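These protein sequences, in sequence, are chains A and B. Start counting the first sequence at 2; every next residue gets the next number (this note's numbering). Start counting the second sequence at 2; every next residue gets the next number (this note's numbering).
Treat the hints as calculated values from the structure; they're not laboratory data. Please note: incorrect hints may appear among the correct ones.
Any copy, or any two copies together, can satisfy a pair, since identical chains are not distinguished.
Using 27 Å as the maximum straight-line C-alpha spacing, the simulated BS3-like pairs for lysine-lysine come out as follows [stated by the list, open to error]:
1. Lys-514 with Lys-177
2. Lys-77 with Lys-418
3. Lys-127 with Lys-418
4. Lys-295 with Lys-134
5. Lys-176 with Lys-295
6. Lys-21 with Lys-127
7. Lys-344 with Lys-176
8. Lys-523 with Lys-418
9. Lys-501 with Lys-418
10. Lys-514 with Lys-418
11. Lys-514 with Lys-127
Model, not experiment: these values are computed from the prediction.
The residues making up each chain are set out below.
Protein chains: 2
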Amino acid sequence: MQTFELSRLPVWKTLATCAKAMNRPENHLRRLLADQDRLQNFSLQTERLFFDFSRQRIDAQTLGHLLELAENRQLKTRFAQMVSGAIVNTTEHRAALHTAARRFDDDAITVDGQDIMSEIRSVREKIRTFTAKLHQGRITAADGRPFTHVVVVGIGGSYLGTEFVSTALAAYADKKIALHYLANVDIHNFGAIADTIDPVHTLWIVISKSYTTAETLANTAQIYAYLQDHRLDPAHHIVTVTAQGSPGDDPSNPVLAAFHMFDFIGGRYSVTSAVGGVPLSLYLGWHRFEALLKGAEAMDRHAAEAPPHANLPLIAALLSVWNHNFLGYPAQAVIPYASPLSKLAPHVQQLNMESNGKAVTARGERLDVTTGPIIFGEPGTNAQHSFFQLAHQGRPFPIDFIGVVNPQYTQYRNHSKGVTNHQELWANLIAQPMALALGQSDPDPARQFDGNRPSSTLILDDLTPESVGGLLAFYEARTVYEAFIWGINPFDQFGVQLGKTIAGDLRAQIAAKNNNAAAPFKTLDPVSRYYAEMLYREN
Amino acid sequence: MQTFELSRLPVWKTLATCAKAMNRPENHLRRLLADQDRLQNFSLQTERLFFDFSRQRIDAQTLGHLLELAENRQLKTRFAQMVSGAIVNTTEHRAALHTAARRFDDDAITVDGQDIMSEIRSVREKIRTFTAKLHQGRITAADGRPFTHVVVVGIGGSYLGTEFVSTALAAYADKKIALHYLANVDIHNFGAIADTIDPVHTLWIVISKSYTTAETLANTAQIYAYLQDHRLDPAHHIVTVTAQGSPGDDPSNPVLAAFHMFDFIGGRYSVTSAVGGVPLSLYLGWHRFEALLKGAEAMDRHAAEAPPHANLPLIAALLSVWNHNFLGYPAQAVIPYASPLSKLAPHVQQLNMESNGKAVTARGERLDVTTGPIIFGEPGTNAQHSFFQLAHQGRPFPIDFIGVVNPQYTQYRNHSKGVTNHQELWANLIAQPMALALGQSDPDPARQFDGNRPSSTLILDDLTPESVGGLLAFYEARTVYEAFIWGINPFDQFGVQLGKTIAGDLRAQIAAKNNNAAAPFKTLDPVSRYYAEMLYREN
Chain A
2 MQTFELSRLP VWKTLATCAK AMNRPENHLR RLLADQDRLQ NFSLQTERLF
52 FDFSRQRIDA QTLGHLLELA ENRQLKTRFA QMVSGAIVNT TEHRAALHTA
102 ARRFDDDAIT VDGQDIMSEI RSVREKIRTF TAKLHQGRIT AADGRPFTHV
152 VVVGIGGSYL GTEFVSTALA AYADKKIALH YLANVDIHNF GAIADTIDPV
202 HTLWIVISKS YTTAETLANT AQIYAYLQDH RLDPAHHIVT VTAQGSPGDD
252 PSNPVLAAFH MFDFIGGRYS VTSAVGGVPL SLYLGWHRFE ALLKGAEAMD
302 RHAAEAPPHA NLPLIAALLS VWNHNFLGYP AQAVIPYASP LSKLAPHVQQ
352 LNMESNGKAV TARGERLDVT TGPIIFGEPG TNAQHSFFQL AHQGRPFPID
402 FIGVVNPQYT QYRNHSKGVT NHQELWANLI AQPMALALGQ SDPDPARQFD
452 GNRPSSTLIL DDLTPESVGG LLAFYEARTV YEAFIWGINP FDQFGVQLGK
502 TIAGDLRAQI AAKNNNAAAP FKTLDPVSRY YAEMLYREN
Chain B
2 MQTFELSRLP VWKTLATCAK AMNRPENHLR RLLADQDRLQ NFSLQTERLF
52 FDFSRQRIDA QTLGHLLELA ENRQLKTRFA QMVSGAIVNT TEHRAALHTA
102 ARRFDDDAIT VDGQDIMSEI RSVREKIRTF TAKLHQGRIT AADGRPFTHV
152 VVVGIGGSYL GTEFVSTALA AYADKKIALH YLANVDIHNF GAIADTIDPV
202 HTLWIVISKS YTTAETLANT AQIYAYLQDH RLDPAHHIVT VTAQGSPGDD
252 PSNPVLAAFH MFDFIGGRYS VTSAVGGVPL SLYLGWHRFE ALLKGAEAMD
302 RHAAEAPPHA NLPLIAALLS VWNHNFLGYP AQAVIPYASP LSKLAPHVQQ
352 LNMESNGKAV TARGERLDVT TGPIIFGEPG TNAQHSFFQL AHQGRPFPID
402 FIGVVNPQYT QYRNHSKGVT NHQELWANLI AQPMALALGQ SDPDPARQFD
452 GNRPSSTLIL DDLTPESVGG LLAFYEARTV YEAFIWGINP FDQFGVQLGK
502 TIAGDLRAQI AAKNNNAAAP FKTLDPVSRY YAEMLYREN
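Sequences and hints are given; from them, build the entire structure.
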C-alpha cells in the first residue's frame with residue numbers, strides 16, 4: 002500500500018516546529034491572553050455565529066502557517082467543487098450535495114448531466130403540502146381525528162441529526178404531535194415506544210435510503226405485526242423516506258406517502274433533506290423547517306465564499322488539526338451551555354467520527370498521520386459536575402463551549418444570589434474557559450491547576466430554527482474541511498462493513514437454529530459459539 | 002512538589018516490556034484468539050455477571066504481572082479498609098462508605114467511634130415507610146389525589162446515577178409516577194419541565210448534601226416562585242435529601258419530608274443512598290430499590306472477598322491501567338447492547354472521570370503516569386451507525402461491550418430474516434468484538450481492517466433491579482481499584498473548585514449590574530468582560 006506522507010509537507014514541518022515552541026512554558030495561554038487585543042485578533046463573527054478561538058493555543062505566526070496549509074491543501078477549491086456537484090465521494094463515485102438540500106436560489110446543479118435542483122425542490126414541495134394537509138386536518142387517522150404521535154424509524158444518519166434538531170427546537174413544537182425515535186433493533190426500544198403511543202393516532206416514518214438497513218427492516222417488521230394486531234392498515238399509518246425505486250418505494254406495498262432521498266446526500270449529512278424534513282416539518286411546521294434550511298444555507302455560503310482567514314468552519318477545521326496532530330490531543334468535547342442542544346454532541350460524534358475516522362486517503366493511500374479525534378460531550382453546567390475534574394486536572398482535551406444569548410424561555414426570571422438562572426449559566430460559561438486556560442498555582446498539590454487547556458467559544462444570538470440551522474451547517478462544513486486537510490473522503494464509511502458481514506453470517510446461523518433446534522453453530526469460532534449458545538438460555 | 006514514580010516500580014517496568022512485546026505483529030489478537038481455551042482462560046463468572054476479557058490484548062504472562070502489580074499496590078487491603086470505614090478520602094479526612102448503604106447484615110461499621118449502620122438503617126426505613134404511604138394514598142396532593150410527577154432536583158452525583166438506574170428499570174415503573182430531572186441551572190431545563198408537569202400533582206425532591214450547590218439553589222428558588230404562582234404550599238410539595246443540619250434540613254423551612262445523606266458517601270457513589278433511594282423508591286417501589294441494593298451488595302462482597310485472579314472489578318481495573326498506561330489508549334467506550342442501559346455511559350463517565358481524572362496521589366505527590374481515560378459511549382447497535390467507523394479504521398480505543406440474555410420485553414417476537422429483534426441485536430453484539438479483534442485484509446486500502454482492537458464483554462442474565470445493582474457496583478469497584486493502583490484519591494474533586502470560584506466572582510459582578518445598570522465590569526479581563534456585556538444584549 003502506498004503512503005501519503007502529509008507530515009513531509011514543508012508547511013507541516015513548519016507547524017511541527019511551531020508546536021514545539023508552543024509547548025514551551027513561556028507560551029502558556031496565560032501569556033497569550035495577556036495581550037489586550039487577543040479576543041479581537043482571534044475571533045470571527047458571521048450573521049448568526051460568533052466564534053472565539055482566543056483560548057486556543059495558537060499565536061499569529063501559527064495561524065499564518067495554518068492558513069498556508071489551507072492554501073496548500075486547496076481547501077476552498079475542494080469545497081467549491083463539493084457544492085457544485087463534483088464527484089468528491091470518490092470511492093463510491095458520488096457527489097456530496099447536502100448543501101443543495103437547502104439552496105433557495107434558481108441556479109441549477111448538475112450531476113451526471115442532470116440538474117438535481119428540480120428534484121430537490123419537488124421533494125421540498127411534497128413535504129410542505131403533505132405536512133400542511135396533516136396539520137390542517139385534511140390527512141387524519143382512520144377515525145377522522147389527528148395523528149398525535151410520530152415515530153421516526155431509522156438509525157445512524159436517519160436518526161441523530163433529526164434528534165439533535167427536534168430537541169433543540171422542542172420549545173417550538175406546537176402541532177400537538179409527540180415525536181419518538183425507533184433507531185435501535187433492540188426490542189426494548191420498540192417495547193418502550195409501544196408502551197407510550199396510541200396506535201390509532203400514530204404515524205410511522207420509515208427512513209432508509211436502500212431500504213435494506215437490517216435494524217430498520219427488523220423494526221418495520223415489528224411495526225407491520227403491531228399494526229395487524231391492532232387491525233390498522235399500514236397504507237394509512239406508514240410514510241417512507243427512501244431512494245426512488247427501493248423496496249420502500251414500491252406501489253405494490255402501499256404507504257400513506259413516500260418521499261425520495263438521493264445517493265448524493267449521505268446519512269450523517271441528511272438532516273436538511275427529506276430525512277429530517279418529513280419528521281421535523283410534522284413536529285414543528287414546514288415554515289420552521291424552511292427557516293432551519295435558510296440558516297444552514299447562509300452558513301454554507303459563508304463556508305464557501307469567505308476568505309480562509311475569515312472563514313469560521315475553515316478556521317475551526319485548522320484548529321482541530323492543529324490540536325490533534327500537532328499538540329497531540331486525542332479527543333475533543335462539545336459542551337453547549339444550552340440544554341436544548343443536549344443532542345448536539347451525539348450528532349457531531351457521528352458526523353465527525355464516521356466521516357473522519359479513517360486511515361487512508363481518498364486516493365487509497367495509507368495516511369501517515371492520525372485523523373478523527375474522539376468527540377464527546379454533555380451540556381454545561383452538567384458537565385462541570387461530571388467529567389470537568391479531568392478537564393481541569395487530568396489529561397487535557399480541547400473543548401467547544403457553546404452559548405446562547407437569548408434563551409427560548411424568558412418568563413422565569415426569579416433571582417438567586419442576585420442573578421437569573423440564565424445569568425448563572427453564563428457566569429459559568431464565562432468562567433470555565435478562563436479557568437481552564439489560566440489555571441492557578443497552589444501550594445497544595447491537590448489544589449494546583451496547571452491551566453493551558455485550550456477551548457473555543459461559539460455564541461448564538463438565540464435558539465431559533467435559523468440559528469440551529471447555522472450551527473448544524475457549521476459543524477458539517479468544519480468536518481468536511483478537516484477531511485480535505487487530511488486528504489480523506491468524509492463521505493464513505495467502509496469501516497462499518499466487516500461487522501455487518503460477520504453479523505449477517507451469525508444471523509443466518511441463528512435463523513437456521515430457530516428452524517431446527519438441533520442445528521449446531523459448527524462453523525463459529527469458540528468464543529462466538531459460546532455467545533450464540535448463550536442466547537438459547539433465553540427464557 | 003514531590004513526584005511519585007510509579008513507573009519506577011520493577012513490576013511496572015516489567016509490564017512496559019510486556020507491552021512492547023504485545024505490540025509486535027506476531028502478538029496480534031488473531032494469534033491470541035487462535036488458542037481454543039482462550040475464552041475459558043480469560044473470563045470470569047459471578048452469580049449475575051459474566052466478564053470476558055479474551056479480546057483484550059493480554060496473555061497469561063502479562064496477566065500474571067498485572068496481578069503482581071495488584072499485590073504490590075495492596076489493592077485488596079485498601080478495598081478492605083474502605084469498606085470497613087477507614088479514612089480513605091485522605092484529603093477531606095472522610096471515610097468512603099457507599100458500600101455501607103447496601104449492607105443488610107447486622108455488623109456495625111464504626112467511623113470516628115460511632116456505628117454508622119444504625120443511621121443508614123433508619124434512613125432506609127424512613128424511605129420505605131414514606132414511599133409506602135405515598136403509594137397507598139396516605140400521602141397525597143392537596144386535592145386528595147395521588148402525585149403523578151416527581152422531579153429530581155440535583156446535579157452531578159445527585160442526578161446521573163439515579164438517571165442511569167431509573168432508565169434501566171423504566172419497564173418496572175408501575176406506580177403511575179412520571180420521573181423528571183432538573184439538573185442544569187439552564188432555564189431551558191426548568192422551562193421544559195414546567196411545560197410538562199401538572200403543578201398540583203408534582204412532588205419536587207431537592208438533593209444537595211450541603212444545600213449550597215449553586216445550580217440546585219437557583220432551581221429551588223424557581224420552584225418556590227412557581228409554587229407561589231400556583232398558590233401551592235412548599236411544605237406539601239418539596240422533599241429534601243441533604244446532610245443533617247443543612248439549610249435544607251431546617252424546621253423553620255418546612256418540607257413534606259427530609260432524608261439524610263452522609264459525608265462518607267460522595268455524590269458520584271450515592272445512588273444506593275437516599276439520593277437514589279427516595280426517587281427510585283417512589284418511581285419503582287421500595288422493594289425494587291431494595292433488590293437493587295441487594296444486587297450491589299453481592300457485587301461488593303465479591304469485590305472485597307474474591308481473590309485477585311478471580312475478582313471481576315479488580316481484573317477490569319488492571320486491564321484499564323494496562324490499556325491506558327502500557328498500550329497507550331487515551332479513551333474507553335462503554336457500549337451496552339441494551340437500550341435501557343443508555344444512561345450507563347454518562348454515569349460511568351462521571352464516576353470514573355471525576356474520581357480518577359487526577360494528576361496527584363492521595364499523599365499529594367505529582368504522579369509520573371497519566372490517569373483517567375476519557376469515557377464515552379452510546380448503546381449498540383446505534384453506536385455501530387455512529388462512531389464505529391473510527392473504532393474499526395481510525396485510532397483504536399478499548400470497548401466494554403455489555404449484553405443482556407433475557408430482555409425486559411418478551412412479547413414482541415416477530416421474525417425478520419429468520420431471527421427476532423433480540424437475536425439480531427445479539428448477532429451484532431457477537432460480531433463486533435470479533436471484527437474489531439480479528440480485522441480482515443483487503444487489497445482495497447479503504448476496505449482494509451487492521452484488527453487488534455481490544456474489548457471486554459460483560460453479560461447480564463437479565464435487567465432486573467438485582468442485575469442493575471450488580472452492574473452499578475461493578476463499575477464503582479472498578480473505579481476504586483483503578484485509583485488504588487495509581488495511588489490517587491478517587492473520592493475528592495478539587496479540580497472543580499477554580500471554575501466555581503471564578504463563576505462566583507462573575508455572578509457577584511452580574512448581580513451588581515442587575516442592581517445598578519451603570520456598574521461596569523471593571524475588574525474583569527477583556528475576554529470575560531466582552532461576554533459579560535454580551536449578556537446585556539439579551540432581549
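How the hints compare with the structure:
1. Lys-514 with Lys-177: neither (46 Å within a copy, 41 Å between copies)
2. Lys-77 with Lys-418: Neither: 49 Å inside a copy, 46 Å across copies.
3. Lys-127 with Lys-418: neither (52 Å within a copy, 33 Å between copies)
4. Lys-295 with Lys-134: Within one copy only: 23 Å inside, 55 Å across.
5. Lys-176 with Lys-295: Close inside one copy (21 Å), not across copies (46 Å); limit 27 Å.
6. Lys-21 with Lys-127: Neither: 56 Å inside a chain and 60 Å across chains, both beyond 27 Å.
7. Lys-344 with Lys-176: within (22 Å within a copy, 29 Å between copies)
8. Lys-523 with Lys-418: between (69 Å within a copy, 20 Å between copies)
9. Lys-501 with Lys-418: Close across copies (14 Å), not inside one copy (55 Å); limit 27 Å.
10. Lys-514 with Lys-418: between (66 Å within a copy, 13 Å between copies)
11. Lys-514 with Lys-127: Neither. Shortest intra-copy (45 Å) and inter-copy (51 Å) distances fail the 27 Å Cα cut-off.
The structure is inconsistent with the numbered hints 1, 2, 3, 6 and 11, although it conforms to all the rest.
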